[in-house]
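S.K.: Once you've looked at the hints, dock chain U against the given chain A.
Protein chains in written order, with this note's numbering: chain A, 1 to 109; chain U, 1001 to 1112.
Some hints could be false.
Said to hold, decoys possible - Just a few of them, taken from the derived set where beta-carbon distance is under 8 Å, the chain A residues facing chain U:
#: 1; residue: Pro-42
#: 2; residue: Leu-44
#: 3; residue: Ala-47
#: 4; residue: Lys-50
#: 5; residue: Ala-51
#: 6; residue: Asp-96
#: 7; residue: Phe-99
#: 8; residue: Gly-100
#: 9; residue: Ala-101
#: 10; residue: Gly-102
To be verified - Okay, derived cross-link-like pairs now, PhoX-like style, lysine-lysine, Cα gap no bigger than 25 Å in a straight line:
#: 11; chain 1: U; residue 1: Lys-1083; chain 2: U; residue 2: Lys-1042
#: 12; chain 1: U; residue 1: Lys-1057; chain 2: U; residue 2: Lys-1042
#: 13; chain 1: A; residue 1: Lys-69; chain 2: A; residue 2: Lys-50
#: 14; chain 1: U; residue 1: Lys-1078; chain 2: A; residue 2: Lys-69
#: 15; chain 1: A; residue 1: Lys-69; chain 2: U; residue 2: Lys-1057
#: 16; chain 1: U; residue 1: Lys-1057; chain 2: U; residue 2: Lys-1078
In case anyone wonders, no lab produced these hints; they're calculated from the structure. We treat Cβ as the ideally placed atom computed from N, Cα and C, and that holds for glycine.
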Amino acid sequence: QLLEQSPQFLSIQEGENLTVYCNSSSVFSSLQWYRQEPGEGPVLLIALYKAGELTSNGRLTAQFGITRKDSFLNISASIPSDVGIYFCAGGYNNNDMRFGAGTRLTVKP
Amino acid sequence: EPEVTQTPSHQVTQMGQEVILRCVPISNHLYFYWYRQILGQKVEFLVSFYNNEISEKSEIFDDQFSVERPDGSNFTLKIRSTKLEDSAMYFCASGTSDYEQYFGPGTRLTVT
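Chain A extracted, bound-state conformation (with noise of 0.2 Å):
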């Protein structure tokens, strides 16, 4: 049940596009991406749970694979407020989710 998510850090400039990989040798029934600020909790961002599903948040978007082992989360043209850690999080059976190990975004002006 080990997602693995890359890249581990990301620093890009102002305006750039990023894209944030996750992927696990087990099925997920759902995946969800989240956005964690220091000190506070994760807040939801995208939430996927049709195989081969493709969402969008404003500049946000994201697809859950076609196996439902996968997923990618794209934050285009991105602002100094993008910086956080992004998390994938994948549910299991019965209300398990896992989470994976993140990926610290710095944006510079």
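M.R.: Just chain U now, kept in the frame of chain A:
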């Protein structure tokens, strides 16, 4: 906009003491969760609760842990005899389905 609330924001306790962490989930939510996050590490699932019973628990959630929904609004996590390694941020989350979870701001537990 409704949100999950947690109290206290910071709890300091001595090793061996019992602690109760409190959460008020969003009012129309049916699924409730506890997670913990050791400083600098990933969020770890502890337990999920639905229909007044535990629906899933992780290997971390041993006999020292228990959860309760004592009334229609509160959801609590009890640690019976705290250990140093229990020091972490504890997050409560709730959702209307098992696909979406909304997290509270967390309780920082420090065991000395």
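S.K.: So, for every hint listed, does it hold in this structure?
M.R.: Outcome of the hint check:
no., hint, result
1, Pro-42, "holds, 5 Å"
2, Leu-44, "holds, 6 Å"
3, Ala-47, "holds, 5 Å"
4, Lys-50, "violated, 10 Å"
5, Ala-51, "violated, 13 Å"
6, Asp-96, "holds, 4 Å"
7, Phe-99, "holds, 4 Å"
8, Gly-100, "holds, 7 Å"
9, Ala-101, "holds, 5 Å"
10, Gly-102, "holds, 6 Å"
11, U/Lys-1083 <-> U/Lys-1042, "holds, 20 Å"
12, U/Lys-1057 <-> U/Lys-1042, "holds, 17 Å"
13, A/Lys-69 <-> A/Lys-50, "holds, 12 Å"
14, U/Lys-1078 <-> A/Lys-69, "violated, 34 Å"
15, A/Lys-69 <-> U/Lys-1057, "holds, 22 Å"
16, U/Lys-1057 <-> U/Lys-1078, "holds, 14 Å"
Hint violations for this structure: numbers 4, 5 and 14, all remaining hints satisfied.
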